[in-house]
Structures are given as structure tokens and as C-alpha cells.
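Using the sequences provided together with the hints, build the complete structure.
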Amino acid sequence: MIGDIFLAPRNYFLKLREKPLFVIPLIIILIFTLIQTYVANHYTKVSEIIKRMEERGATPEQIERVEEFFKRPTRLIISLVSASIFTIIFLLIIALIFNFSLTLLGIEGNFEKTLAVVCGAGLVSAFGSLIRSIIIILRQSPFVTTSLALFLPKESGLLFRFLSRFDFFTIWQIILIALGLKIVFDIKGNKTYYLVIGIWLFWVIISTFLFRGPQRF
-13 MIGDIFLAPR
-3 NYFLKLREKP
7 LFVIPLIIIL
17 IFTLIQTYVA
27 NHYTKVSEII
37 KRMEERGATP
47 EQIERVEEFF
57 KRPTRLIISL
67 VSASIFTIIF
77 LLIIALIFNF
87 SLTLLGIEGN
97 FEKTLAVVCG
107 AGLVSAFGSL
117 IRSIIIILRQ
127 SPFVTTSLAL
137 FLPKESGLLF
147 RFLSRFDFFT
157 IWQIILIALG
167 LKIVFDIKGN
177 KTYYLVIGIW
187 LFWVIISTFL
197 FRGPQRF
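Its first residue numbered -13, the sequence shown is counted upward by one per residue in the working numbering.
Incorrect hints may have been included.
Pairs of lysine to aspartate or glutamate residues, derived as EDC-like cross-links and limited to a Cα-Cα distance of at most 20 Å, are as follows [claimed, not checked]:
(1) 140 / 41
(2) 31 / 141
(3) 5 / -10
(4) 1 / 172
(5) 31 / 50
(6) 31 / 54
(7) 1 / -10
Calculated directly from the structure, the hints in this document are not laboratory data.
Dropping the structure here:
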């Protein structure tokens, strides 16, 4: 069934309509997130981090905190635990937002079903984590992107932050969430696509100005 999200997504979501499944997809997502986190940590160089921070105008205090963090023997454990917690919270918040937004379409939401849709679509992000892990190993650098920012010569600036939000796997994931909500809640027309893509684009614009680094969604 898990493979259907890639090969036959409609069939995958039809099965969720009867039996919401999110535990197994969530575990798979966490596993591949931890793999990417581990690989990225292995190839992270403090000097390269500091250089990029200086280019972005970081304060001496911020740089000092980063240096202290990298000196900790528990750095990897902290990174892995943080990545796990963040991923779970992230998926719960996304599911909550989309479940609540269904009321805009006159549809009564069901959090368990919406979470199952979000986690199912999130398997694409797990695949993306695997691809990025491979690229990190090949390049021996944690600074990789699978977004439109890939075509920019410079990894900084407003345009880079904006284009980095258009990750190829994220776009795929967004389309699957819209399709999943449409099928699971039996919504006619393309209303779920307008809703999901609209919310995502709003987040893209807001996060471009609020956050400096690439985002997951």
C-alpha cells in the first residue's frame, strides 16, 4: 500500500477513506529525516557554517553560539532528537491547518483522516530526504538544495530565499495533499487544489521575509 503513494496515489487515498493510516508513513518519514540529519551532520564543517553566517550579516554573538554548539559531544544526539520532534510537530500543525481550512469549503473535517493524508503525502518528503542525503555524500557538503534555487549562482539574497521554497519534492507533496483531501473527503471539482496551493503560496511569501534559511514546506 505504501508504494501506491508514488505509483497509484488515487488508490492510496481511496483506502484512507475507509481506514486512515498515518503511523507507518510517519515512522518512514522520521527514519529518512534522521538519515539526512545524520549525513548532513557528518559533512558539516564549522568554518563553512561561520563563513556563510558572516556573509549573511550574523552578529559575533550568534557566531559564538554556533561555535559552542559544534564543540558539544552531544551535538549529533541533539540534532537527531530535535529533527524528530520538529518533524512530528510540523506534520501535526500542517494537518491541523488543512483540517480547519476544510470548513472554508463547507466540509466538516476529520483530523485523523487529514493527518493520514498529510503523512501519506509526506512519504514524498522522505524520498526527498533520501535523494538529498545521496547528494550530500557525493558533494561532501550539507549545503544542497532540490529547489528552483538550484539554478542561482549565489546562495543568498531575497531571490534565493524565495526560490528555495519551491522545492521539487514539496511541490509534489502539496499536489498529493490536495488530491488526498479531495478523495478522502469526497470533494467535487478542484476546490482542494485552490485551497491547499493558496495556503502554501501564502506561507511561501511570509516565510521568505521572516526566515533566512530554506524551509521544508
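Checked hints:
1. 140 / 41: 11 Å, holds
2. 31 / 141: 17 Å, holds
3. 5 / -10: 15 Å, holds
4. 1 / 172: OK: residue 1 and residue 172 at ~13 Å, within 20 Å.
5. 31 / 50: 15 Å, holds
6. 31 / 54: 13 Å, holds
7. 1 / -10: 10 Å, holds
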